[in-house]
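Novice: In this text, residue positions in the sequence shown follow my numbering: the first is 1, and each later residue adds one.
Calculated from the structure, these hints are not laboratory results.
Here the structure is a predicted model, which means the values were calculated and not measured.
Keep in mind that a hint or two might mislead.
[What the hints assert, rightly or not] Once the Cα atoms are required to be at most 20 angstroms apart in a straight line, the calculated EDC-like pairs of lysine to aspartate or glutamate come out as:
1. Lys301 / Glu129
2. Lys82 / Glu129
3. Lys311 / Glu300
4. Lys93 / Asp63
5. Lys207 / Glu258
6. Lys172 / Asp69
7. Lys250 / Asp229
8. Lys172 / Glu145
9. Lys82 / Glu134
10. Lys250 / Asp231
11. Lys172 / Asp32
12. Lys207 / Asp218
13. Lys301 / Glu284
14. Lys301 / Glu273
15. Lys301 / Glu280
16. Lys250 / Asp210
17. Lys82 / Asp118
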Amino acid sequence: MSGISVAILVTQGFSTYHVSVPLILFGNTVSDQRLFTRLICAETPGLIWSGEGTAIQADHGLDALARADIVIVPFWANVREKPSAPLLNALVKARDTGAQIVGLCLGTFVLAYAGLLDGRVAATHWEYERDFREQFPSVHLNLNELYVDNDGLITSAGTAAAMDCCLYLIRKYFGSLTANGIARRMVTPPHREGGQAQYIDHPVTQKTTDCRINMVLDYLLLNIQAPHDIDSLAVYASMSRRTLTRHFSKATGMSVIEWITAARLHLSQALLENIDLPVEQVAEQAGFQSAATFRLQFREKFGVSPRAWRKTFRSE
1 MSGISVAILV
11 TQGFSTYHVS
21 VPLILFGNTV
31 SDQRLFTRLI
41 CAETPGLIWS
51 GEGTAIQADH
61 GLDALARADI
71 VIVPFWANVR
81 EKPSAPLLNA
91 LVKARDTGAQ
101 IVGLCLGTFV
111 LAYAGLLDGR
121 VAATHWEYER
131 DFREQFPSVH
141 LNLNELYVDN
151 DGLITSAGTA
161 AAMDCCLYLI
171 RKYFGSLTAN
181 GIARRMVTPP
191 HREGGQAQYI
201 DHPVTQKTTD
211 CRINMVLDYL
221 LLNIQAPHDI
231 DSLAVYASMS
241 RRTLTRHFSK
251 ATGMSVIEWI
261 TAARLHLSQA
271 LLENIDLPVE
281 QVAEQAGFQS
291 AATFRLQFRE
301 KFGVSPRAWR
311 KTFRSE
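Based on the sequences and whatever the hints tell you, model everything.
Specialist: Here is the structure:
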């Protein structure tokens with residue numbers, strides 16, 4: 001069976017890893033059956049060089065995109081650089097002819113430049129959140145998921161999430177049994193628990209341009225285990241409750257309660273990764289009133305349980 005055609009778009013300076021994931025998963029070496037017909041495409045066919053010094057032969061031009069069932073854009077080198085009109089028009093035409101369009105990692109930017117994601121939900125690498133939101137305010141960016149499928153417009157988070165996204169496509173066309181078998185051969189989970197949120201770095205603001213707020217932050221960091229309320233902090237800072245609330249929000253971009261919760265969660269991550277303590281003691285040392293509250297807020301923030309976080313990130 002080889003009725004599903006997959007067009008993989010490569011551009012000069014492409015990332016070897018990002019392109020290799022769809023090349024392998026939609027190739028002929030990971031399954032005993034021929035599941036896909038793979039088309040390697042470029043704006044100008046020929047030898048295309050990666051940023052790492054490897055090269056790939058693109059035998060097809062942009063016209064092949066409209067003939068494919070799936071079109072994959074695995075990479076884009078400069079998120080501030082708009083792709084050429086022929087490339088964007090080819091993606092729109094492929095969409096119009098019924099192709100599923102996939103943007104892996106920064107490839108999402110190419111789909112957004114083409115206008116395909118306007119009014120839709122999409123994912124991309126969390127480090128480029130600000131760039132994406134500034135350039136494409138009409139797209140609803142979801143950084144909680146490893147990949148998003150919005151009516152056949154499929155986008156993924158960074159790097160390793162490309163594997164999750166491609167396995168999702170295989171599962172969508174050929175079922176879980178086939179996708180799971182390919183995942184085993186690749187020695188990777190067929191589906192990872194949680195989303196991109198667990199990989200985003202969430203440091204809390206520790207220094208601002210407001211000296212009085214810095215004093216409050218230093219105090220909170222030194223006493224994060226203790227209970228805190230706005231009234232007692234206002235007394236400590238020699239401010240009114242209203243003044244503290246206003247200055248704190250302006251300096252940190254967060255409310256006092258939001259900042260305290262974020263700081264406690266940040267501490268709990270380090271405890272889970274580096275100290276062999278039961279979750280109940282981690283909650284206590286991080287300043288949470290109960291383990292149940294800790295588990296709930298941890299999962300809401302990172303998309304996984306404290307136990308799953310420890311299993312993934314525990315330092316040996």
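Novice: For every hint, state whether the structure bears it out.
Specialist: Hint-by-hint comparison with the structure:
1. Lys301 / Glu129: Holds. Lys301 to Glu129 sits at ~17 angstroms (cutoff 20 angstroms).
2. Lys82 / Glu129: holds, 17 angstroms
3. Lys311 / Glu300: With a Cα-Cα distance of about 18 angstroms, the restraint between Lys311 and Glu300 holds, given a limit of 20 angstroms.
4. Lys93 / Asp63: holds, 9 angstroms
5. Lys207 / Glu258: Status holds; Cα separation ~16 angstroms.
6. Lys172 / Asp69: holds, 13 angstroms
7. Lys250 / Asp229: Roughly 18 angstroms between the alpha carbons, so the hint for Lys250 and Asp229 holds.
8. Lys172 / Glu145: The hint holds at about 17 angstroms.
9. Lys82 / Glu134: holds, 14 angstroms
10. Lys250 / Asp231: Satisfied, since the Cα-Cα distance of roughly 18 angstroms is no more than 20 angstroms.
11. Lys172 / Asp32: holds, 18 angstroms
12. Lys207 / Asp218: Within the cut-off at roughly 9 angstroms; holds.
13. Lys301 / Glu284: It holds: about 18 angstroms lies between the C-alpha atoms, which stays within 20 angstroms.
14. Lys301 / Glu273: Cα-Cα ~17 angstroms, so holds.
15. Lys301 / Glu280: Distance of about 18 angstroms is within 20 angstroms: holds.
16. Lys250 / Asp210: Satisfied, since the Cα-Cα distance of roughly 9 angstroms is no more than 20 angstroms.
17. Lys82 / Asp118: holds, 16 angstroms
In this structure, every one of the numbered hints holds.
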